[in-house]
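The listed protein sequences correspond, in order, to chains A, B and C. Last residue of the first sequence: 80 in our numbering, with the numbers rising by one and none dropped. Last residue of the second sequence: 280 in our numbering, with the numbers rising by one and none dropped. Last residue of the third sequence: 1067 in our numbering, with the numbers rising by one and none dropped.
Please note that a few of the clues may not be correct.
[Stated by the list, open to error] Partial pick of chain A residues on the chain B-facing surface, computed with a CB cut under 8 angstroms:
(1) H30
(2) I36
(3) Q39
Don't read these hints as lab results, they were simulated from the structure. Heads up, the beta-carbon is just placed ideally off N, CA and C, and yes, glycines get one too.
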Amino acid sequence: MATKRNAIGILMGVELVLNGANVNLVAFSHYTTLGIDGQIYSLFVIVLAAAEAAVALAIALNFYNNHLTIDVDRANRLKG
Amino acid sequence: MNGDSLFFTLFAFMACLGAVAVVVSQRMVRMAFWLIISLGSTAALFFLIDADFLGAAQLLIYVGGTLVLLVFAVMLTSSGPYLNIETSPGEIVMAAMLGLLFLFMVVSSQTGIDWNGTNQQMAAANGMTGEISTFDSGSEGNTLRTIGMSLLGLRPDRGAAETGQLHTGYLLPFEIVSVHLLVVLIGAAYLARAKRRRDT
Amino acid sequence: MVGETLIPTLLTIAWLLPLLGFAVEMLYGRKGERTTTKWPAWCAVACIGTGFLCSLIALLTWGQATGWAVLESHDLHGPDQHHSEDDPHHHGDSPKHQASTNESGWQMTALTATENSDDAEHVPFPSVYSGTLYTLGVFGSLVVSIDYYIDSLTLVMFTMVTLIATCIHLFAMGYMSDELTNEYVDHFAHTSDGKHVHRPGRFYRFFAYMSLFCFSMLGLVLAGNIFQVFVFWELVGICSYLLIGFYTERKSAGDAANKAFIMNRIGDFGFLIGLMVVWTWFGTFQFSELFDSLPRDATGHIVTNDLGEVAVSTHSGESRSIPYSLLVVAGLGVFAGCIGKSAQFPLQTWLPDAMEGPTPVSALVHSATMVAAGVYLVGRFYPMFVPEVLLTIAYIGAITLFLAATIAVVATDIKRVLAYSTISQLGYMMLGLGVFGWAAGLFHLITHAFFKSLMFLCSGSVIHGCHHEQEMPKMGGLMRKMPITAGTMLIGVIAISGLAVPGLIAFSGYHSKDAIVATALAFIQANPAHFLLFLLPLLTAGITAFYMFRLWFYTFFGEPRDQHIYDHAHESPWIMTAPLLVLAVFAAGCAIGGEKGMLYMMLLGSEPVHVANGVPAATVGELVLPGHSAIHDVHAKAGMWALLAAISGTLLAYVLYGTKTVNLSDMKRQLAGIHQFLSEKWYFDELYHALFMKPVHQVAALFAWIDRTMIDRVVHASAGLMVKISKWDRFFDETFVDGLVNLIARATFSSGILLKAVQTGRLRQYVMFIVVGVVALFAVLFTTFPN
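The shape of chain A in the complex, shown without the other chains (with noise of 0.2 angstroms):
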């Protein structure tokens, strides 16, 4: 995430993030008492990815239709 200048690296970046702690949820709900909170938190977060993703998406094709480009370098507008 922190490598790439493209947009939908950077989203992919994301997925792997959200995507790990779902493991580690998972798999701490599975040896620990707490049922199946774990499952169900990552089920909740796979949703919210999913969404994200989408959002993300059509972001990234607005970006695309104004700049021609997804370098995210480009966005510097508001810079201070």
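Given the coordinates of chain A, assemble chains B and C onto it according to the supplied hints.
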């Protein structure tokens, strides 16, 4: 080494390999491919850990849905399939150092915690006494019903079905997530819609 | 009975139609176009004309429903209808009474031949229809509602008002036709640079105001409670104000309108006091309830107990005692309103100035109807007046009629002569009412309305024909140019003068004035101390004839004095002369039959019950109020005196103005003192100026001085103090408050400059910051809580 361990090792390795490859690769299509490998392996790990529903959901939503979306985005936004936007080496080094630092932190915290004691404390906090069992072996590999009940606000895994007593369920988060999805759907459609030229 | 619903309905329609007309004329039509079309006039005529038809039908329905009992019962049975105790003398007097009035040559049988007198006997006599049209609100026990109170007086008034109004509307269509333009040039109004005022015509507005006035006047007549009367009283006042000030560009018109309105306010203040007394002590405004609640004994006296209080049973059933003095106050208060409205002494000065309005307005508002409303109210409220109030009314009327007549003798403006004549005649009516001649006063009201509106319209025709010349000394000999106007005017002049050939021919004014003079004579025979109440009207009868014939001779007779005006004079178009002819017929014939005539009998049908027999004095020194029989005893004598006075006045006028035997300017020089005194209207305007205006101005000047020297100084000092405080405050603001604010702003700005560096716009860096943050957080956690 039994089959479970073998498969765990295999899939864990593949997941890590995919993740590292996604990071290292500089081309979008390859990144997408390695992401599939990584996410699929994670799904397999879920199956191994008896979270069958979650694994299925992972496959369906991530591998099946999100990645397709990503691939679509790659195709829509690049002039060629081998789009390559270079990152400066300094940044890569910097990111790698930070990543390693984070890894070190996670590993150190993992090893620094007394898992058994924590487990007992948590059980006490949840009002469970006596023998602390891990997962009920009878229901292993069949979490579908349990998850469904939980989402409706019942907790069969804590014996609520017998006593009729309500425990902390997930009905409200479920509703919130569903509304959230709807909002996201509309928002994404609005953002990505084809722009009409405004003549006025 | 069919009349109970039909008559109120008809009169309500007649009442409300002009309001509809007003709304239509005021609002409908496009600007620019409606100034040049005649339809607003036709609309107004249609409304008031329909009103006249409704009134006439109502009158006939009323007659049919009562079997014309009003005409018969008074002829044969007199006061039996009202009084259970029969006056023994009355029947004895009846034949003589008939004989004395039959000289007018008119037979009752002509009207009553078709009626079965037995039937008429048995028909219950519905003298009054009263009821409520709409209740506006109920405040505790006070009910404010729109009521109607219909008796024969109401019907006669309705018919008279609508008939005259219709004629005058038609006349006004001709008279006001020069307003039918977008560029009206007002020759009497000047702008500041001395040019004539140019403005769009106001034809439609004139008729809208006229319609509003008709609505208000009819509402006043129809009103069933004294409060409603008050409301419409003010409405006719505002219409009068609008119409007097119709030519708003003329300063004189604006001043006259203000004067009329303010003078009326003075009277209305008294009216309000009267209303308060009535409401506080009687608890109702309704005429029908008020009249029933005042107890009278068999002789007509108001019953008082030992303390001088009057026991009254209010409409809610309880009885209470009212101090007698409060009855006097209530009566005087209501009469004060009538003084203002009817331009009686001492509030008479507004009416002559009101002649600034267009002549049809003078005819309708300021002679026939509105000013007569005061007389009408006195008549309507008559049962509530105690003898002391009646005496006041009589004296006010006597003073007014003499004073106004003397001024009319020297006035030269044709309309002003008529205005003073109006005041004088209104004085006659008041006098008649005051000396217990209820029907006589109202009789004169009706006849006067006809002949005075006729004369005003004639003068309007003259003014129109002479291109707005109103000074009589510039006229003369107009008979040859405008024969119809001259002829109808002569009829009016004869009518008002009271000339007649007894037994052969007599115009309306003769009968009504006779009735008043006869009542006055009967009154002073019973109360010799008040002999002035007979002498003044008798003398004035002569003066009236004198000044009216002076006017006629001046205007129409002899040689033209101003050749230019004479050459350009012309007879008015038919739309103006036709109303003159109609009104002339009524002026001559409306009172036909005199006191046996239909009109008088109709009025007599509404006479308050205690009037017919008169009221004898209860104690020595009290007033004796003459009854019918006493009046009839002296009728012939009084009539002869009045006729003599009128004839001598006429002859004097002929000698002075009809022939050239006397040099008028010589006479004027010899009588310069009196002439000056009369020309200046007895110096009333000057008197009021000195009495009221000057003190007010002086007091105002005093207060202005106090304002300038004392209050202003305090205000200025506090203002200076405020300025000093503000200066200090400004200093504080600029240094401390602004400094603080600027400091915060500068700190924020510089910190923003510092933090700007962090905002690189690079996503990857942000991600790294997150990671560093998380790691740092964990590091802190693990170092703080090692386990």
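Checked hints:
no.	hint	in the structure
1	H30	holds, 5 angstroms
2	I36	holds, 5 angstroms
3	Q39	holds, 5 angstroms
Of the numbered hints listed earlier, not one is contradicted by the structure.
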